[in-house]
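Student: For the record, the sequence lines run as chains X and V.
Going by this note's numbering, the first sequence opens with residue 1, and the numbers climb by one from there.
Going by this note's numbering, the second sequence opens with residue 1, and the numbers climb by one from there.
Take the hints with a grain of salt, since some may be wrong.
[Unchecked claim] What follows is a list of derived Cβ distance ranges for each label pair: (1) X:D169 to V:S47: 42 to 48 Å; (2) X:L408 to V:A18: 36 to 42 Å; (3) X:G103 to V:H42: 51 to 57 Å; (4) X:W82 to V:R23: 26 to 32 Å; (5) X:L401 to V:V90: 25 to 31 Å; (6) X:V143 to V:D64: 38 to 44 Å; (7) V:L73 to X:P85: 40 to 46 Å.
[What the hints assert, rightly or not] Far from chain X by the CB rule (all over 12 Å, computed), these chain V residues: (8) N44; (9) G45; (10) S47; (11) D49; (12) R51; (13) A52.
Derived from the structure by calculation, the hints contain no laboratory data.
These numbers were taken from a predicted model, which means no experiment stands behind them.
Ideal Cβ positions, reconstructed from N, Cα and C, are used throughout, including at glycine.
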Amino acid sequence: MVPVSTRPRRRVGRLALTLVLTLPAWAGVAAAHSGGLGGATREPLAVPTWLFLFTGGGVVGVSFLLASFVTDRRLVDAVHDWGRPLPTPARALRAVARAVGVGVLAVVVAVGYLGPETGVRSLTVLVVWVAWWGGYVASTYLVGNTWPTLGPFRTLAERLPSLDRTYPDRLGAWPSVAGLLLLVWVEVMTPLADDPRLLATVLVAYTAVTLVGSAVVGADDWFEEVDPLARVFRFYSRLAPVGVVDGRLRLRLPGGALPDTVLDGRDDVAFVVTLLFVTTYDGFVATGPWASGVRAVEGVGVPPVGAYLGAYLGGAALFYLAYRAASRMGRRRAATYLSTDYLARRFAPALLPIAAGYHLAHNLGSVLVLAPTLAAVGAAPLSPPASPPQLAGLPSWVGGLELAAVLLGHLLAVWVAHATAYDLFPSRLQAVRSQYGVTAVMIGYTMLSLWIVAEPYVAPPFIAS
Amino acid sequence: MTAPDPTHDTHVPPDATAHVCDRCGRPFVHESQLALHRGLDHANGLSPDERAAFETAHEEEVADLRRFRLLALATLVFLYFGFLMTYAVVT
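Please model the complete structure; the sequences and the hints are all you need to start from.
Tutor: What follows is the structure, given as structure tokens:
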């Protein structure tokens, strides 16, 4: 999700490569990972793919076994109960932040239509993909959720009169699942990172839909149940060290709030699983087997868009069903009368650190490399330099940081599942057994992700990007 | 997103006999689970019988955990050497 030809998954490819190389020899890793983004050529894997996949799965399995050695209930509770109060920001500061949010949206849309048409010279593309999607989104899980204040859509929506129609409860949060799927579908199928005009149009459309929707059902219900961005940030911020408890800011350990988080229903579970799935799909359509598969079905007369859409919706459903099956397995293994639904709602927050870890690894390098570009283009958005500066390369430890993000995400996920299970079950062995399903899902997801990044990058056929 | 619900969300099959907590109504599959639950979540005001049941269940749990730890350790050792050998052979 970075301008021009700098698709991040190729970086992650090399990142994953380093993951494998790390296990036998950390030392050789960093050197193999150069910071350059475009025109990346992949180093060949040092080990066969199957071993690479099993190693990744093995690391997750081993961390589950290691976590199971921590059997002191008081220790497990103490870790996630830790917290300190923080001062609350003044109203004036919040008003300024709201104005900044709306101002940035206005500038970004205007420059999208009036400014240069090439991705890497466009402030619109750089602000949306580098500053916002790469940098700002990371702040929601690394620091805390500032989107309710900074997000321009809510600020605008609250200024408008509302019809205050009752939001139909039976819809739950399913519209946000559809919205998230639609957003990522548009991102994958259109050259959003290369075409500032198109990106500005998408921003205008998103603003319009949001304003109309929240005018009809009221801003609270809209941003609580429907708006996918607000919900992504709210879920991500559950693992941030700064959170809101009873209207006051509070400092906690990263991930500390997750074991106490109960999702409201299947719709929320589906949203979290979809968040994981969309990252995977973005990478999956850029693999060789997908390219030959989609060409084959095109050969027998299926329109390529149908193949993409089928794989997209089918994949999302498959992810959700796999997670449901894992919850059922946990329920059976733990010998409990807690419902499968309830277990699914309790364990799903453990998947969030994995999603956050992959997000950080995908975006850290491109944010650093393109930060000077953003500064240069931001100084003169309507007449930016012909070829704005980029960092020529990144120090090798950045690769280590990306690797650490993926690993830490997985370790945190295993720990959150452990603490959740201890909270749920009176018997500690029961708690361990209840995690078999969710651990199996995590191992499977890791192996799938590693397979995707180990596959050479093949531009997805039949779509303009 | 809400805070954990103390009553939980349970489903007892119609033909099963559940061991139900008389304080909060949560059903359990095994009596030992109920005894542990009472000792952990309703520690105040346990009757002597309930306390004895909790202690027995706790001792059994510790013994089971010890067995599980041994198995987990064996699995770890197996995985470690398994990967070590595999890497030695393959690369």
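Student: Does each hint fit the structure? Answer for all of them.
Tutor: Hint check:
no. : hint                        : in the structure
1   : X:D169 to V:S47: 42 to 48 Å : holds, 44 Å
2   : X:L408 to V:A18: 36 to 42 Å : holds, 40 Å
3   : X:G103 to V:H42: 51 to 57 Å : holds, 56 Å
4   : X:W82 to V:R23: 26 to 32 Å  : holds, 29 Å
5   : X:L401 to V:V90: 25 to 31 Å : holds, 29 Å
6   : X:V143 to V:D64: 38 to 44 Å : holds, 42 Å
7   : V:L73 to X:P85: 40 to 46 Å  : holds, 42 Å
8   : N44                         : holds, 16 Å
9   : G45                         : holds, 17 Å
10  : S47                         : holds, 18 Å
11  : D49                         : holds, 17 Å
12  : R51                         : holds, 15 Å
13  : A52                         : holds, 16 Å
Checked against the numbered hints above, the structure violates none of them.
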